[in-house]
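These protein sequence lines are chains A and B, in that order. Residue numbers in the first sequence follow our numbering, run continuously in steps of one, and reach 820 at the last position. Residue numbers in the second sequence follow our numbering, run continuously in steps of one, and reach 820 at the last position.
Treat the hints with caution; some may be incorrect.
Claimed, not checked - Just the calculated beta-carbon pair ranges, DEER-fashion:
hint : chain 1 : residue 1 : chain 2 : residue 2 : range
1    : B       : G816      : A       : F469      : 34 to 42 Å
2    : B       : K463      : A       : D727      : 56 to 64 Å
3    : B       : G816      : A       : V424      : 44 to 52 Å
Claimed, not checked - Beyond 12 Å from chain A on every Cβ pair, some chain B residues (computed):
hint : residue
4    : Q448
5    : A460
6    : E584
7    : P647
8    : D718
Worth flagging that the hints you see were computed from the coordinates, not collected in a lab. All of these numbers come straight from a predicted model, not from anything done at the bench. C-beta: ideal position from N, C-alpha, C; glycine also.
There are 2 protein chains.
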Amino acid sequence: MTMMEEMGQRAKEASQVVAQLTTKQKNDALLKMATALRAGQATILAANEADLASAKEMPAKFVDRLRLTPQRIDDMATGLETVANLDDPVAKIDRGWVNYAGLEIIQRRVPLGVVGIIFEARPNVTADATALTLKSGNAVILRGGKEAARSNQAIVACLQAALTESGLPKDAVQLVEDQSHVVATEMMHLTGYIDVLIPRGGKGLIARVLETATVPVIETGAGNCHIYIDQSADLAVAAPIVVNAKVQRPSVCNAAEKLLVNQAVAEEQLPSLVAALREHGVEVRGDERARAIVSDLVPATDADWDTEYNDLIMAVKVVDDLDEAIQWINQHSTHHSEAIITKDMERGRAFQQRVDSACVYVNASTRFTDGSEFGFGAEIGISTQKLHARGPMGLAQLTTIKYQITGDGQIRQ
Amino acid sequence: MTMMEEMGQRAKEASQVVAQLTTKQKNDALLKMATALRAGQATILAANEADLASAKEMPAKFVDRLRLTPQRIDDMATGLETVANLDDPVAKIDRGWVNYAGLEIIQRRVPLGVVGIIFEARPNVTADATALTLKSGNAVILRGGKEAARSNQAIVACLQAALTESGLPKDAVQLVEDQSHVVATEMMHLTGYIDVLIPRGGKGLIARVLETATVPVIETGAGNCHIYIDQSADLAVAAPIVVNAKVQRPSVCNAAEKLLVNQAVAEEQLPSLVAALREHGVEVRGDERARAIVSDLVPATDADWDTEYNDLIMAVKVVDDLDEAIQWINQHSTHHSEAIITKDMERGRAFQQRVDSACVYVNASTRFTDGSEFGFGAEIGISTQKLHARGPMGLAQLTTIKYQITGDGQIRQ
Chain A
408 MTMMEEMGQR AKEASQVVAQ LTTKQKNDAL LKMATALRAG QATILAANEA DLASAKEMPA
468 KFVDRLRLTP QRIDDMATGL ETVANLDDPV AKIDRGWVNY AGLEIIQRRV PLGVVGIIFE
528 ARPNVTADAT ALTLKSGNAV ILRGGKEAAR SNQAIVACLQ AALTESGLPK DAVQLVEDQS
588 HVVATEMMHL TGYIDVLIPR GGKGLIARVL ETATVPVIET GAGNCHIYID QSADLAVAAP
648 IVVNAKVQRP SVCNAAEKLL VNQAVAEEQL PSLVAALREH GVEVRGDERA RAIVSDLVPA
708 TDADWDTEYN DLIMAVKVVD DLDEAIQWIN QHSTHHSEAI ITKDMERGRA FQQRVDSACV
768 YVNASTRFTD GSEFGFGAEI GISTQKLHAR GPMGLAQLTT IKYQITGDGQ IRQ
Chain B
408 MTMMEEMGQR AKEASQVVAQ LTTKQKNDAL LKMATALRAG QATILAANEA DLASAKEMPA
468 KFVDRLRLTP QRIDDMATGL ETVANLDDPV AKIDRGWVNY AGLEIIQRRV PLGVVGIIFE
528 ARPNVTADAT ALTLKSGNAV ILRGGKEAAR SNQAIVACLQ AALTESGLPK DAVQLVEDQS
588 HVVATEMMHL TGYIDVLIPR GGKGLIARVL ETATVPVIET GAGNCHIYID QSADLAVAAP
648 IVVNAKVQRP SVCNAAEKLL VNQAVAEEQL PSLVAALREH GVEVRGDERA RAIVSDLVPA
708 TDADWDTEYN DLIMAVKVVD DLDEAIQWIN QHSTHHSEAI ITKDMERGRA FQQRVDSACV
768 YVNASTRFTD GSEFGFGAEI GISTQKLHAR GPMGLAQLTT IKYQITGDGQ IRQ
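Could you build all of it, start to finish, from the sequences and the hints given here?
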């Protein structure tokens, strides 16, 4: 057995225990974990200091993601407490019926088993992912970026101590400490041990996992969100939504990156939309038709239309009609979130029906695509694939179903 | 663009049309397909004769799967008519709510998009898979075994003619005619075009697809089903179930392959169970403890416990208790279907809770794991993985969800 297989075996054994816990047992463990994180603050900060010292050469954005503070540690603890308060999806009955032979068939929610998470610089993922996987009755194998190795180890030590104190198997939460690519690849090939692998991080990481993994993967977090301004759009509705979707938090996947404007209202509305964006420091790029209206837009290139900027940049394209907008979006989006601004109900409904994305909005900001905003309480990521989970993934999306069938001697004819 | 990418592009375009069809449009096309198959009987049989002529050297079982008869063609047509009569899962609303900001959030069932099916000798998969994918609003790309190439072409020609006659895009159903491994690999890597790939066939095919594919795969059809005879089992219930699960159709994945008997009743019940199986021509193999009770059992080797025989063979093991049975099953099963025979409600429930398989039975034959038996009307396969679909996959499992969110200008704070 390789080291990863041994880890997988321990996770599998722990998952069988965790799957059978009561909600109270899981909640108690989550609360103990929160206490342990707060109590371990000094140790965690010291480990984080060591990580930060080695990461001095990295870009400021990266260092910011890596950095822990007393506040950020408290936020992690609060996150664990929040998840303790969420509804437990496990053992719920989705539906049940009796078949022609008199068999009682119950479709029941059960944990997935072992969840693998591969992530990058943010050490808080360690606590967040643990909270969601444990509450949904799963064991988790975490592999963080090597720059956060010491921080992650310190956090996992707190979480495991809380598990032990709760009388639960500490292998319900394991951290891959070997940072080599060979071991990462072994993890992605851990068929029979890992039931689902969720990469959390940039495009490069997600692409590598999709390419390499032979265990089932859920693709999350790639965004190239569009807003389409219909010919009946009210500028007073459109402008705040466009600005909010672009600037409220430009680094995240549900931020809008592209603006499509119907040619009938482009002359009237585009100058105001561009001015509103520029007021917030956005660089606006445009296709030829957009530049014919606002001449000083930065020319957009072909590459722009498929780029997730994660920055204060937005590209504008003038389109002939709803059909062109929908076709364009279905070709260029990452199927995450798109919005139409319209007063016309028929076109709003057509847009929602025909745009092939996880979340399709009428007259609202794409920034609402989020587990908390949806009311799920928390999320492990936003799925942009169609299998198993689509859109914000909460606790329910970390479960699967099982059929429990009860008879009194039925045989098949 | 490669040939497969072009095919994928055509499928994607067709899928966008098919996704928007009304139930009546889809049903009309399915009925026209049934008519076309019956009208094309002579052509299909001639194509099948040519395939059979080339397959003379193959094993009899293989040739039987490949062979079409007027009856089998009529069965395919009836299958299309049956699916036309099933409930359409598309556009159904799973749930809807209003969030804190006043956004109306609707979770709606939508088609997956493009489904890929890779299968082996049975040409009837062509019609069956088309029926289910079309009714659920998807386009399908089919790749059958090379031995059935001419039969599949003849069937697809009928299905496409019916699509054209219905005014629908014929690319909603496409057959990969190039039988090379290179093209099969291209199909498994068709990210952005194929939303899910479902292999239908033997273990080798499924393993190869899981190993090679970078598009999402649903693993189906691997069975190594167990029946556990509890210490409180009633032999009058146990014997008919064991015999039914083993012999009613031994070649399929929901047939029982292994029998675990509690040591407390082994001496009393095992001789009768073995005798009942032998009456139906079953070769019974046993571990040491089983052979100590029935001395002339064929000795079971380690390999037996992980083997799906698909034949009139069953291996018996005597276990100490329920715990050993559950642990054994969780280690050796393919997580398909398992059954306990018991009069004890507590142990029955524990078995259903702790056995980690798609379908867990109390006092009934594992042969019921089937879309029709469950009441789904039809099935595309039985999923043995935990993501997206588990157990029999009907029409609903060929859909995903989309969130349609409607506001009146909401922005995120």
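How the hints compare with the structure:
no.: 1; hint: B:G816 - A:F469: 34 to 42 Å; in the structure: 36 Å, holds
no.: 2; hint: B:K463 - A:D727: 56 to 64 Å; in the structure: 60 Å, holds
no.: 3; hint: B:G816 - A:V424: 44 to 52 Å; in the structure: 49 Å, holds
no.: 4; hint: Q448; in the structure: 30 Å, holds
no.: 5; hint: A460; in the structure: 36 Å, holds
no.: 6; hint: E584; in the structure: 27 Å, holds
no.: 7; hint: P647; in the structure: 5 Å, violated
no.: 8; hint: D718; in the structure: 18 Å, holds
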